Every structure is written in structure tokens, then in C-alpha cells.
Amino acid sequence: MRLAHVFRDAYIATGLAIIIVFVVLALLADVIAPYSPVESVGAPLRPPSPEHIMGTDNLGRDIFSRVVYGSRIVLAIVALSIALSGFVGTLVGLVSGYLGGLLDRVLSFVMDSIYAFPSLILAIALSVALGPSPVNAAVAIAVVYVPTYFRMIRGQVLSVKNEGFIEQARVLGLPPSRIVVRHILPHVSRTMMVVFSMNSADAILTEAALSFIGLTVQPPTPDWGFDLYKGRGFVLDGKWWLMAYPGLCITLLALGFALVSEGVSRITGARLR
Amino acid sequence: MGLLRYVAIRGTLIIPTILILYTLVFIVLRILPGNPVLAALGTKNIPEEQLKAIMAELGLDKPLYIQYFEYLANFLRGDMGMSMVVRGRPIASDIADKLPATLELTVWSILVSLVIGVGTGYLVAKRRSRYLEAFARVFGSVVFVVFIPALGLALQLVFSSYLKILPTGGRISSIEGFKPITGIYTLDALLELNPRAFVDALSHLVLPSITLGLVISGPYIRLALNNLEAVMSSKMVDAYRSRGIREPKVVRHAFKHVLIPIVTYTGLQFSLLMGGAVLTETTFNWPGIGTYLVDKVMYRDYTAIQAVILIFAFIVGLTSLIVDVVYALIDPRVRY
Numbered sequence: 001m002r003l004a005h006v007f008r009d010a011y012i013a014t015g016l017a018i019i020i021v022f023v024v025l026a027l028l029a030d031v032i033a034p035y036s037p038v039e040s041v042g043a044p045l046r047p048p049s050p051e052h053i054m055g056t057d058n059l060g061r062d063i064f065s066r067v068v069y070g071s072r073i074v075l076a077i078v079a080l081s082i083a084l085s086g087f088v089g090t091l092v093g094l095v096s097g098y099l100g101g102l103l104d105r106v107l108s109f110v111m112d113s114i115y116a117f118p119s120l121i122l123a124i125a126l127s128v129a130l131g132p133s134p135v136n137a138a139v140a141i142a143v144v145y146v147p148t149y150f151r152m153i154r155g156q157v158l159s160v161k162n163e164g165f166i167e168q169a170r171v172l173g174l175p176p177s178r179i180v181v182r183h184i185l186p187h188v189s190r191t192m193m194v195v196f197s198m199n200s201a202d203a204i205l206t207e208a209a210l211s212f213i214g215l216t217v218q219p220p221t222p223d224w225g226f227d228l229y230k231g232r233g234f235v236l237d238g239k240w241w242l243m244a245y246p247g248l249c250i251t252l253l254a255l256g257f258a259l260v261s262e263g264v265s266r267i268t269g270a271r272l273r
Numbered sequence: 001m002g003l004l005r006y007v008a009i010r011g012t013l014i015i016p017t018i019l020i021l022y023t024l025v026f027i028v029l030r031i032l033p034g035n036p037v038l039a040a041l042g043t044k045n046i047p048e049e050q051l052k053a054i055m056a057e058l059g060l061d062k063p064l065y066i067q068y069f070e071y072l073a074n075f076l077r078g079d080m081g082m083s084m085v086v087r088g089r090p091i092a093s094d095i096a097d098k099l100p101a102t103l104e105l106t107v108w109s110i111l112v113s114l115v116i117g118v119g120t121g122y123l124v125a126k127r128r129s130r131y132l133e134a135f136a137r138v139f140g141s142v143v144f145v146v147f148i149p150a151l152g153l154a155l156q157l158v159f160s161s162y163l164k165i166l167p168t169g170g171r172i173s174s175i176e177g178f179k180p181i182t183g184i185y186t187l188d189a190l191l192e193l194n195p196r197a198f199v200d201a202l203s204h205l206v207l208p209s210i211t212l213g214l215v216i217s218g219p220y221i222r223l224a225l226n227n228l229e230a231v232m233s234s235k236m237v238d239a240y241r242s243r244g245i246r247e248p249k250v251v252r253h254a255f256k257h258v259l260i261p262i263v264t265y266t267g268l269q270f271s272l273l274m275g276g277a278v279l280t281e282t283t284f285n286w287p288g289i290g291t292y293l294v295d296k297v298m299y300r301d302y303t304a305i306q307a308v309i310l311i312f313a314f315i316v317g318l319t320s321l322i323v324d325v326v327y328a329l330i331d332p333r334v335r336y
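Protein chains in written order, with the working numbering: chain X, 1 to 273; chain P, 1 to 336.
Keep in mind that a hint or two might mislead.
Stated by the list, open to error - Result set (EDC-like, lysine to aspartate or glutamate): computed pairs, CA atoms no more than 20 Å apart in a straight line:
1) K161/X - D237/X
2) K230/X - D295/P
3) K249/P - E229/P
4) K44/P - E70/P
5) K164/P - D237/X
6) K179/P - D97/P
Claimed, not checked - Covered by chain P, according to a simulated footprint, are these stretches of chain X (three or more residues, beta-carbon under 8 Å):
7) 106-116
8) 239-247
Stated by the list, open to error - A few chain P residues that don't get close to chain X, going by computed Cβ distances all over 10 Å:
9) I46
10) K52
11) S174
12) I245
13) T266
14) V297
Don't read these hints as lab results, they were simulated from the structure.
Since the model is a prediction, treat every value here as computed from it, not as a measurement.
From the three backbone atoms N, C-alpha and C, an ideal C-beta is built for every residue, glycine too.
Take these sequences, add in the hints, and give me the full structure.
Set out below in C-alpha cells:
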């Protein structure tokens with residue numbers, strides 16, 4: 001998987017372009033957003049106009065500004081959760097796969113059970129227990145994706161564990177920690193990339209769902225899922241702009257990650273599930 | 001006899017899975033939040049005696065390990081405890097009310113997604129157009145990442161708000177002489193030969209089941225297209241063609257082979273389906289256990305949340321059992 005190779009793939013290029021747009025929105029929100037996202041800056045419930053290109057919500061706040069600032073929460077939660085689950089899942093997968101034995105069997109069984117359970121429902125339960133906050137939502141989402149890393153990494157470890165070069169390292173008397181980190185980890189990094197790209201699209205949708213249920217931010221913090229939830233009451237009066245833009249952003253960002261994932265799995269030839 | 005034994009063995013194997021999920025749920029909802037009563041009330045300013053009384057009423061005053069076993073034993077007997085928020089309301093009867101609604105929605109959604117997935121595959125097989133296939137693939141990827149509430153609200157906007165041809169939410173209008181038997185209204189209407197109730201229930205189902213069905217149809221489309229590619233380039237198809245069998249008939253025969261993996265995949269769709277059902281129900285005010293769960297989450301009704309999540313755990317176990325058995329029945333390579 002050479003770098004030049006990666007950017008030539010149409011899926012990855014398109015997906016990355018979408019993601020980069022949102023990352024730029026999040027980083028430069030202060031510059032890009034024309035108004036404050038939390039203050040009333042116009043008449044309520046106005047349709048899109050030159051002053052407010054995405055209209056205003058029921059409190060007269062500029063929806064475009066809320067969408068721009070909202071990208072921060074989504075990206076932060078998803079980045080944190082992916083990093084957490086990748087770290088924990090990979091670590092446990094490496095240890096469990098390398099050591100084997102009873103520990104491995106118990107861990108595999110527990111992970112398989114979590115994996116079989118509907119991920120959104122598990123994330124909801126965890127978020128409720130931890131209390132609603134962006135960090136707790138990230139932890140909840142992370143827990144849900146740990147088994148995916150665990151399963152994939154453990155499988156990879158099992159397949160390289162008995163190769164000659166690992167045996168040689170063992171014969172040389174290298175400590176297990178060194179063997180795992182220096183000799184096995186490089187072999188599973190590609191798998192990590194595949195799982196990573198696959199999970200992120202899903203993580204966006206899970207984050208949006210948690211927000212939709214009110215388990216991430218508190219008002220008036222802008223967040224796509226939560227704004228969609230609050231906007232839904234106005235949809236039947238034909239006030240479509242309250243929900244259309246946050247909804248579109250969620251799907252677009254998830255699509256960006258899904259395209260990258262599609263491209264990565266095409267290049268590496270790895271098929272998950 | 002062989003099959004019965006297979007079912008029995010598979011059946012026992014799901015017990016540890018359910019136990020692990022139960023333990024997990026117990027840790028998450030009974031131990032993590034500290035005192036669930038205080039968490040539910042959202043305040044620490046209540047008299048000590050009152051708190052103790054509530055805890056005793058809900059059985060939360062006993063040591064944790066006793067609660068762990070007692071809850072499980074009660075649950076298996078169908079007693080899911082009392083709601084923490086709506087005092088004196090048994091959770092089991094709430095869930096019995098809501099479960100048929102969720103069942104009805106999910107079954108119709110699976111039907112919709114099968115029609116979309118299999119239909120797309122069939123169309124691509126028949127036309128054999130590269131553009132159509134590329135379009136179908138993109139469509140499959142896009143529907144997979146659609147955020148359910150956004151799609152649901154968009155459909156409501158068009159069909160309920162502008163066109164006014166479909167109801168916005170709920171399951172049925174009040175219809176004279178219609179008494180639900182099973183709680184699955186479309187089935188009940190058929191059993192009672194009540195066409196008005198059937199049409200009414202169906203009109204309430206259209207938008208939610210299309211929303212959920214469309215979103216879960218993504219994997220079906222992909223699966224159908226991938227299998228199609230493999231089957232259409234197989235020697236079997238070459239053999240059909242070389243015997244001069246006309247193309248439509250070849251497609252018809254080949255398509256049977258495309259269907260088998262799709263049937264087995266339906267079981268794996270389950271996780272996606274249940275998560276999707278929670279969001280779909282909330283969007284359309286569909287009174288199933290998904291909406292119930294979200295309601296309880298908003299009130300931090302821990303006992304009710306615990307019961308709903310355990311119900312899901314049981315459904316997970318049951319579905320995996322059914323999938324195993326169906327798989328054993330249609331795939332001759334599986335021995336039982």
C-alpha cells in the first residue's frame with residue numbers, strides 16, 4: 001500500500017476530500033461561521049436567505065454557523081473513540097492472540113458476545129450509565145468497536161505467530177513484549193488501517209444517534225444529531241431547513257469515511273465479515 | 001432426531017452468551033452509575049429514609065451479588081421489576097405491549113430491504129449494463145451511511161406534510177370493531193378480515209418500513225451484486241449457454257444461487273436492524289420497544305432500561321440460534 005497508490009484511488013480521493021472539508025470547517029469555525037452559533041442573530045424560523053444561507057432555527061440562531069461549529073463535536077468524539085478503541089482493541093488482541101490459552105478463550109468469548117449485540121443499543125446503555133457528555137459518549141462508542149479490532153488483530157496474530165521469524169526471536173530469548181511490539185505489530189498494522197477506516201463511518205452514525213437521543217452535548221452547544229432532534233418538531237410545518245442541513249452533514253461525513261474504507265479494502269484486498 | 005439434537009446443543013450454547021451480556025448490562029447499569037435512584041432523581045437532596053424506602057421497594061438495597069442472581073431468576077420467570085419513574089408499573093407489561101410493534105416494523109423492513117436488494121441484483125443481471133451496476137453499487141454504499149432520522153424526517157416532509165397522503169406517525173387510526181389479538185396489527189386485521197384496518201395499519205407502516213428497509217438494504221445490494229458476478233462467470237452458466245438456453249432463462253436459473261447467501265445473511269443483519277429500529281421508531285413515534293428505550297433513557301429509568309437491553313440480549317441469542325438452524329437446513333455441508 002504505497003502512498004501514491006492510495007491517493008490515485010478514486011474512492012479514497014473523494015472520501016478524503018469530503019473529510020478534509022469538514023476538518024477545515026471544524027478548525028476554522030471561528031473564521032468561517034458568520035455568526036455566533038449560540039446567540040439569537042435574526043428572526044426565528046426564517047428560510048434560507050442571503051443573510052442566513054441555511055436559514056434560522058426556532059430561537060433565531062444561524063443554522064449555517066451551528067452546522068459549522070457542530071462539526072467540531074462530531075469529529076472530536078469520533079476521533080477520540082476511534083483512537084481509544086483502536087488502542088485497547090489492538091493491545092488486547094495482540095496479547096490474547098500471542099499468549100493464547102484460557103485467557104484467550106475467555107476474552108474471545110466475551111468479545112464475540114459484545115460483537116453480536118446491537119452496537120447502538122450497547123452504546124446507549126453505556127452513555128446512560130456514564131452520564132451524558134461528549135467524552136463519555138466517546139468512551140461508549142469506543143467500547144462498542146473494541147471487539148472489531150480484537151477479532152481482526154487476534155486473527156492476524158494467530159496467522160503469523162508460528163512463522164519462522166517469530167520462532168527465531170523466541171529461540172533467541174527475546175522477551176514476549178519485544179516480540180509482540182517489534183515483530184508482530186508491524187504485520188497487523190495494515191489490518192488496523194482497514195478496521196479503522198471501516199469503523200469510522202459507523203462511529204459517525206453512532207455519535208449522531210447518541211446525540212439525537214440527547215446523550216452527548218447539553219444545549220445550547222451546537223451538534224448535528226441534537227439539532228436534528230430539536231428541528232424535527234418543525235418539519236411537519238414545512239420548516240425543512242431546521243433538520244435538512246444537520247442531517248445532510250451527518251450523512252455526507254459518514255459517506256466520506258465509507259468511501260475511504262471502500263477504497264482501502266479494495267487496495268488491500270481485505271474483506272471484513 | 002439429528003436436527004433436534006443439533007437445536008438442543010446450539011440452544012445450550014447461547015446460554016453463556018446471554019449470561020455474559022447480562023453480566024455486562026448489570027455492571028454497566030447497576031454498578032457504574034453509583035446509586036441509580038439518585039441518578040434517576042437527578043438530585044442528592046432527598047431524605048435518607050425516603051431514599052432507603054425507594055431502594056427497598058425496587059430491591060436495590062440488597063448486596064449486589066444477591067441482586068445479580070435474584071434479578072436473573074425473576075427475569076426468567078417473566079418478572080422484570082418495577083419502573084423507577086412510573087412507580088408501581090411493572091416493566092414486563094410495558095414490554096409485552098411494545099414488543100409486537102417492533103416485531104411488525106422489523107419484519108416489514110426486512111421485506112422491503114429484500115425486495116430492494118434482490119430486485120436490484122435481478123435488474124442488473126437481466127440488463128447487464130455496466131452503468132446500472134455502477135449505479136447500484138454507489139446506491140448500496142450511500143444508503144448504508146444514511147442517517148435514519150434524517151431520511152425518515154425527509155420522507156415525512158414529502159409524503160405527510162406536502163402531499164398529505166400518508167400519516168406522520170403512530171401505528172393505526174381508531175377503527176371501529178378492530179380489536180388487536182396478537183398486537184401485530186397487519187396480521188390482526190387479516191385474521192379479523194377487516195380490510196379497512198389492514199389498509200390503515202399498512203399506511204402507517206409504509207414510511208417507517210421504507211426508511212429502515214432502505215438503510216439496511218445496502219449490504220443486500222452489495223451481496224447480491226458480488227454473488228451475481230461470481231455465479232454469472234461460473235462454469236454452470238457457461239454450460240447453460242453452450243446448450244443454447246436463452247439468456248432470460250439462464251438468468252432465472254443462476255439467480256437461485258445468488259439468493260442462498262442472502263437468506264443466511266439476514267441473520268447477520270440483526271445488529272444493524274435493531275439499532276436502526278430504535279432510531280426509526282423514535283423518528284416516527286412508533287410505539288415499540290425502541291421508542292420505549294429512548295423514553296426511559298430520557299427519564300434515566302434504570303430498571304426499565306436494564307430490562308429492555310436484556311430483552312435485546314435474549315433476542316440476539318434466539319436469532320443466532322435460528323440462523324444456525326436455517327443454515328444447517330439449507331446448506332448440505334453443515335452436519336448435524
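Do the hints match the structure? See the list:
Distance check on the hinted pair: K161/X and D237/X sit about 62 Å apart at the alpha-carbon level, beyond 20 Å; violated. The suggested pairing of K230/X with D295/P holds, with an alpha-carbon distance near 15 Å, which does not exceed 20 Å. With a C-alpha separation of about 17 Å, the suggested pair K249/P and E229/P falls inside the 20 Å cut-off, and the hint holds. For the hint linking K44/P to E70/P, the alpha-carbon distance of about 27 Å lies beyond 20 Å, and the restraint is violated.
Distance check on the hinted pair: K164/P and D237/X sit about 12 Å apart at the alpha-carbon level, within 20 Å; holds. The hinted pair formed by K179/P and D97/P meets the criterion: a straight-line CA distance of about 14 Å does not exceed 20 Å. Counting residues of the region 106-116 of chain X whose CB falls under 8 Å from any CB of chain P gives 6; the rule of at least 3 is met. Interface restraint, the region 239-247 of chain X with chain P: holds (5 residues with C-beta to C-beta distance below 8 Å; minimum three).
The beta carbon of I46/P sits about 19 Å from the closest Cβ of chain X, which is more than 10 Å, so the claim that it is off the interface holds. Non-interface status of K52/P relative to chain X is upheld: no Cβ of that chain comes within 10 Å, the nearest being about 23 Å off. Look at S174/P: its CB is around 20 Å from the nearest CB on chain X, clear of 10 Å, so calling it non-interface holds up. Chain X leaves I245/P outside its interface by the beta-carbon criterion, the shortest separation being 32 Å against a cut-off of 10 Å.
The beta carbon of T266/P is kept farther than 10 Å from every beta carbon of chain X, the shortest such distance being approximately 14 Å. V297/P, annotated as away from the interface, has a beta carbon of chain X within 10 Å; the closest lies near 5 Å.
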